[in-house]
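**Student:** These protein sequences, in sequence, are chains A and B.
Numbering follows the numbering used here, in which position 36 of the first sequence is assigned residue number 36; successive positions increment by one, without gaps.
Numbering follows the numbering used here, in which position 80 of the second sequence is assigned residue number 80; successive positions increment by one, without gaps.
Simulated from the structure, these hints should not be mistaken for lab results.
Do not take every clue at face value.
Derived pair list, reagent style DSBU-like, types lysine-lysine, alpha-carbon separation capped at 35 Å [to be verified]:
#1 A:49 <-> B:653
#2 B:320 <-> A:203
#3 B:237 <-> A:185
#4 A:182 <-> B:512
#5 B:512 <-> B:306
#6 A:70 <-> A:185
#7 B:305 <-> B:649
#8 B:706 <-> A:40
#9 A:3 <-> A:162
#10 B:137 <-> B:739
#11 A:40 <-> A:110
#12 A:182 <-> A:203
#13 B:653 <-> B:512
#14 B:230 <-> A:162
#15 B:230 <-> A:49
#16 B:706 <-> A:133
#17 A:49 <-> B:305
#18 B:487 <-> A:40
#19 B:568 <-> B:608
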Amino acid sequence: MPKQYAMIIDLNRCVGCHACAIACRAEWDVPVPNQRNWVKRLGPAQTSKGLSYTYYPGLCNHCKDPACVKVCPADVRSMTFTDKETGKTVTQEVAATWKDPFTGAVLIDKNHCIGCGMCVEACPYGARYLNEKLEKADKCTFCVERLEKGLEPACVQTCLAKARIFGDMNDSNSEVAQYIKKGAKGITSAAVNIGPNVYYYGKERDIELLFNKCAPQKMPQASVGERRNLLARMIKGVLPIA
Amino acid sequence: MAEITRRHFLQAAALAAASIPLSRAIKVYAEEKKPDFVPKGSFEDTQSIAGGVCEMCFWRCQLVGKVRNGRLVKLEGNPKSIDNGKAICARGNAGIMLAYDANRLKYPMKNIGERGNPKWQRISWEEALDECGKRLKAVLDKYGPQGISMFPHGASAKYPMDFFETVVGTPNISEASFFQCRGVRDQAYLTTYGHTCDENVDMANAKVIFLTGSHLGENIHVSHTMSYLKGLENGAKLIVIDPRFSAAASKADIWIPIRPGTDTALLLAIMNHLITKGLYDKAFVQANCTGFEEFKKACSLWPAKKAAKECDVPEAQIIKIAELLAQNAPNVAIHPGRFSSWYGNDFQRIRALACLTALLGAYKVPGGFTNPISPKTGSVKWKDAAEPDEKINMAEKWPFHPPGTPTDAIRNAGITGKPYPIKATVIWGQNIVQTIPNQAMTIEFLKKQDFVLCVDVMPTDVTMYADILLPEPTYLERYDVIKKGGKLSTNGPDKQYIAARMPIITPLHDVKDSIFITNEIAKRMGFERHIPVQNQEEYVNKILEPAGLSLEKLRAENGIHIEESTKKAYRNGNELEFETPSGKIELFSKELAEKGFAGAPAYTPPPKRPAGYAHLLFGRVPVHSFTRTQNNLWLHNEMPENALWINDKMAAKMGIKDGDRVKLVNQDGLTSATDTVVLVTPGIKTDAVFLPHGYGMRNPMLEIAKDKGMDDQSLCSANCVDPQTGTHGIRANFVRLVKDGKTISFPI
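One chain only, chain A, in its complex shape (with noise of 0.2 Å):
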């Protein structure tokens, strides 16, 4: 069975230090405020399994179906994806962003991406964002990049916690897929159930406290005039417009 890359944040483990998010920002060079890796502090509040303070590390969810892939306009093309283990091959048709067959990392190819915004727009946990600088989308990649030196992601390797734990979801042996059978879940509500990939594990009313505040309730719709301001971005230096 192909990869299914997943990430479990404990959050029994986890001690909300926000290592995670500064290391990844100087991993990857991303500008304040952007982020690609967060930690939001909850509560205390009352939740109705009890008292809750708790965190909220959150990331791109890589998710089954993801709402960013599919709105991406840059022209398609086709690309082979390998299986770095089996030497498989596959050959899909692909925008500036997709999910890999492989691995299940939702990713961007920077050189073709034309900065256009809509994947930043569509995505309805906020885990992408416009580089303003470059003029390109950026967002986590499960750090698919180091796993190929072989090093661990880097909110993952500085984590203090232990309390972020990486792999494959499919390989039912591996501590990820352990987690996602105890009980470990992804944030979605009725509204958005789009597959997330990064699964929340702890006590229920943290659980509570962390679901009733961060899981979106509804899928982001583009206006018209967003469009129009984004196609206007995209032909700038090419058509004198008004």
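With the hints as your guide, set chain B onto chain A.
**Tutor:** Coordinates of chain B only, in the frame set by chain A:
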């Protein structure tokens, strides 16, 4: 769900610009922008430089730096470390932004304006050092060594501190880490056990972890937090005594929201229960403790019922805690705390913690209070050094004071001229405006000086009061401290390690290290013959020498030397020796009694809360080390201001909502200069508010930090000095809210 699809988008695009094919527009656009848009990871084209020792706080994690073309792009934990390993905290990760902070002190400056309202003029090092030498010498000649005071903090301040203490000969040295933080704790353990404690509780192997006020998680020291989490992972029960539902309380099995400042009564009641029910470790106490009878009597003053009322804690909870501790003894971690300067009755509270540890036999056992064995290193002493003259030492009024002189005594002498004038002050790495309670007095002290020298990496609120302001390299650009420690093992030999701080990058700007600065000042004051070392490397090598190490050897070992310990830190049996006057653990101290203090731990209630006011509690957030890190862009961005916690029931009665902006006014009528945002929460006692410490800096040179959040220290005007140690209690302050210019009292 109206989905945005690529097809929809193209339709919209076609409507908006029908005349050009979108694909062509994009193609042209892409061709125009050719640079590599793909960010390089820290592993690409970088060199790994080991040997860094962090100083974003003072835990000193061991680092490696990833450097690309001379620029530091990332800091990581040194994979060889047996202390922090590859992990570092948010502050550690953000150290890069200290090195590249645009507001760093970059060259020597002279204040041609006034103190507190400075005008800075760049001067040469030669001129700056001449001026320092001349003016310090003038004060020394006119007022004697006691006319100079020093406020040092951090590794680079050690060498100049030794110079001023043992060559110039002033006893008037006050470190915030002692007198406004943990000195009282160390002195209480020293008095009880004959040695200090640091935070050496073996939480990783504990069955119960007992915290009074320690908010681990909000207060982050990497290996310490790892040890705590290891303990929890292994099933340790966590008891947290705190008026606030802290990060630690949120993980606790038992959270006791105690009335602020009454902890000693609770501890005495726990110990009274252990004694009266025979639940303490009789064999250990018999073999190793002295003064049990007097101690027992002192504890009996606080039966659980009485303490329950005093502390606002159910009696049954007190008994439950005592029994949980007894059932799991001796493998219980009674945490000595870190920031301990609370209410000016702190020595007795920490003594109670030390005694509780002894009653449970939780000493040098897995899970207990166990100092790891650390390698021996040397020291650098100034030539022909001497201790300051006892006759000019003001500290003796507080017989159990930590090293140095209580800050309050120095400040009073500087203001009143009694018992003698203090006319020059050297402030090295410490922001005394935001560490010492009562800012108005500190400012008056500074304004009355003939000369103020500040040495630091960044501007702070106190550097506004300098006459000469000198820039140091950051911890990433210099040699100085030796970090050493030990790692306990329950099933094999202990390990120990030594690391030295070595530069990861070459210093930016026209900065000079503390060895150079101190030596040059010493020469200009006529003390050249006392100089012990010529440079940083020689200084560090001398300290390493007795361990058979050198910088060269450490570098060859990737920055850390690790070896097995020949002895175990855990005890073998019950017979122990202590370097106390009695040779035993002093449950009752004759020395204390002889000097007019309670010989056994005793509870003094904290100053009474005035009606309408709440206790002002403060503490840490994980992304800052006090004021030191406030201007760090990455850290600032994580928590741009310090939310004020207010109890939800109180807030409802006061008409305050979550997200409101308020100022605070304290019991002496002092109002905060800035406002901050309110966090309404059930997670704090009704009679208290909580404000994270370190925010609200005022120095205009801090372009990021200035006026962000609220300065808790500006509201700490009560001067509670602990009678045994001379340390400052800083929590005995009370506040009301100010919203839209209107003062709002707490309805209690």
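**Student:** Give a verdict on every hint.
**Tutor:** Cross-check of the supplied hints:
{"no.": "1", "hint": "A:49 <-> B:653", "in the structure": "25 Å, holds"}
{"no.": "2", "hint": "B:320 <-> A:203", "in the structure": "23 Å, holds"}
{"no.": "3", "hint": "B:237 <-> A:185", "in the structure": "26 Å, holds"}
{"no.": "4", "hint": "A:182 <-> B:512", "in the structure": "56 Å, violated"}
{"no.": "5", "hint": "B:512 <-> B:306", "in the structure": "59 Å, violated"}
{"no.": "6", "hint": "A:70 <-> A:185", "in the structure": "24 Å, holds"}
{"no.": "7", "hint": "B:305 <-> B:649", "in the structure": "27 Å, holds"}
{"no.": "8", "hint": "B:706 <-> A:40", "in the structure": "23 Å, holds"}
{"no.": "9", "hint": "A:3 <-> A:162", "in the structure": "22 Å, holds"}
{"no.": "10", "hint": "B:137 <-> B:739", "in the structure": "51 Å, violated"}
{"no.": "11", "hint": "A:40 <-> A:110", "in the structure": "28 Å, holds"}
{"no.": "12", "hint": "A:182 <-> A:203", "in the structure": "12 Å, holds"}
{"no.": "13", "hint": "B:653 <-> B:512", "in the structure": "56 Å, violated"}
{"no.": "14", "hint": "B:230 <-> A:162", "in the structure": "10 Å, holds"}
{"no.": "15", "hint": "B:230 <-> A:49", "in the structure": "25 Å, holds"}
{"no.": "16", "hint": "B:706 <-> A:133", "in the structure": "26 Å, holds"}
{"no.": "17", "hint": "A:49 <-> B:305", "in the structure": "30 Å, holds"}
{"no.": "18", "hint": "B:487 <-> A:40", "in the structure": "33 Å, holds"}
{"no.": "19", "hint": "B:568 <-> B:608", "in the structure": "47 Å, violated"}
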